[in-house]
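Sequences listed follow chains F and D, in order. For what it's worth, our numbering labels the leading residue of the first sequence as 1, then goes sequentially. For what it's worth, our numbering labels the leading residue of the second sequence as 1, then goes sequentially.
Calculated from the structure, these hints are not laboratory results. Don't take every hint at face value.
[What the hints assert, rightly or not] Coverage of chain F stretches by chain D, computed from C-beta distances (three or more under 8 Å per stretch; other residues unrestricted):
(1) 19-33
(2) 183-197
(3) 201-208
Cβ atoms here follow ideal geometry from the backbone N, Cα and C, with glycine treated the same way.
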Amino acid sequence: MKRWQPVSVLSDIRRGEVAGVRIDGREVVLWREDTPTPALHAWEDRCPHRGMRLSFGFVRDDALGCLYHGWQFGGGARCRLIPAHPQVRVPASIHVHAYSVREHAGLAWVSMDGAEDFPVGGTGPDNVQPVRTLHVNASVGALRHVTGIAPDAGIAWHGPVGLAVHEPVAGQGMLHVVRVADAEEVPLPALSRWAERLRDAVESGAVTDRIMNELAMGELA
Amino acid sequence: MSAGVVLYDWTPDVRCYAVRLGLSLMNMTYETRAADMDLPMGQRPAGLRPGERPPVLVAGSVRLSRPGAIMQFVARQPAVARAWLDPAHEWMILDWLDFGATALDTMAAARDIAFGTTLPVLPPMGALVAALRRMEDHMTARAMEGHDWFASPAPSIADVVLFVVFALTVDLGVERDTCPALRRWARRMRGLPGFMVMPGVPDYA
Ligand code: FES
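Model the full assembly from the supplied sequences, consistent with the hints where possible.
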């Protein structure tokens, strides 16, 4: 089955920014164009030139430049400039592997197996803002269980707070926290600290019910 | 004043890198005496006293060897911009400076183990990972308050030392995607005038 995974809050990948993320042990570069309508891209984190990580590179307008020898790749994931040979028309065969990526509910969603049919609608409220992404030294299975994410769902809503997880490598998890934008009754700093307490509890194998209950009650300690 | 500042420097040492980075960012002129600690005693520069290990900063009668003290000394020089040790945020800067200097010591020890032996021994990373996590949580909270730097509105000497901690943990196998807030802050550090890299450590976040 083709599936979409939430891999980052959108606030960690703003206009002109590059970030490497690991998804199921594979390295992916997320980058956003530095243009008035900046599209988000998710590519294999590997430069076709010498295989260096593209996530060490830099965004120039609507292209991603590799740090090492400056090869530039445009939105279509094709190489369009080799600085050492600026006159050369770059063959179309030189390109990076691109994954499907969508922006939804304050998160970047990536499909590693080329899904195109993004299940919009029915996944929660509109007008959601990103809060933060945290690394958790625990399995995604444990995290999904604790956060109440159903097996076929990408995100669990607890009132105005959305929780999602993905697996960077086996045995570890990334917890993504989002919130309905106008839900001021749950202040962002308090929500962020709440997520830290949940992370620490999950990692130490402590009971998490009480922490999750704070969310249900809308009373973050 | 600056004419008389001498730094005994050992290039691959993390504490020396922190000092070089701080001196460069604060635009301080100084003289370098390279001290290769892998060489026998007799071949080290004459000014270094027995038992001393770089970094050592000498300015007149002042002789300093701890990165935190060196940073403060430089930041208090009249020619240096006050923002590096902003009086309005001095205690918070000093607190994070101390935190960073301690982490730097841990890191120096971990690197000694990681690179000083041919055995596949993993350095004790627990303390460093815990330090990075505290830094990540702090910078996440700072970003929510609209702040770009650790302890004050502008970059301070705390940011300098903490940057070295963050930048060099990649050498020890800490993955960058586990620290999104630190990654964004580190990119800002790299954009500062006077920023310099650590030889042998790739310049990336
Ligand atoms: S490895 Fe990317 S340009 Fe050479």
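Tested hints:
Only residues whose C-beta sits within less than 8 Å of a C-beta in chain D count toward coverage, and the region 19-33 of chain F has 4 of them, enough to reach three; the restraint holds. With a cut-off of 8 Å between beta carbons, the region 183-197 of chain F has 5 residues touching chain D; three or more are needed, and the interface restraint holds. Check result for the region 201-208 of chain F against chain D: violated, 0 residues qualifying (beta carbon to beta carbon below 8 Å, three or more required).
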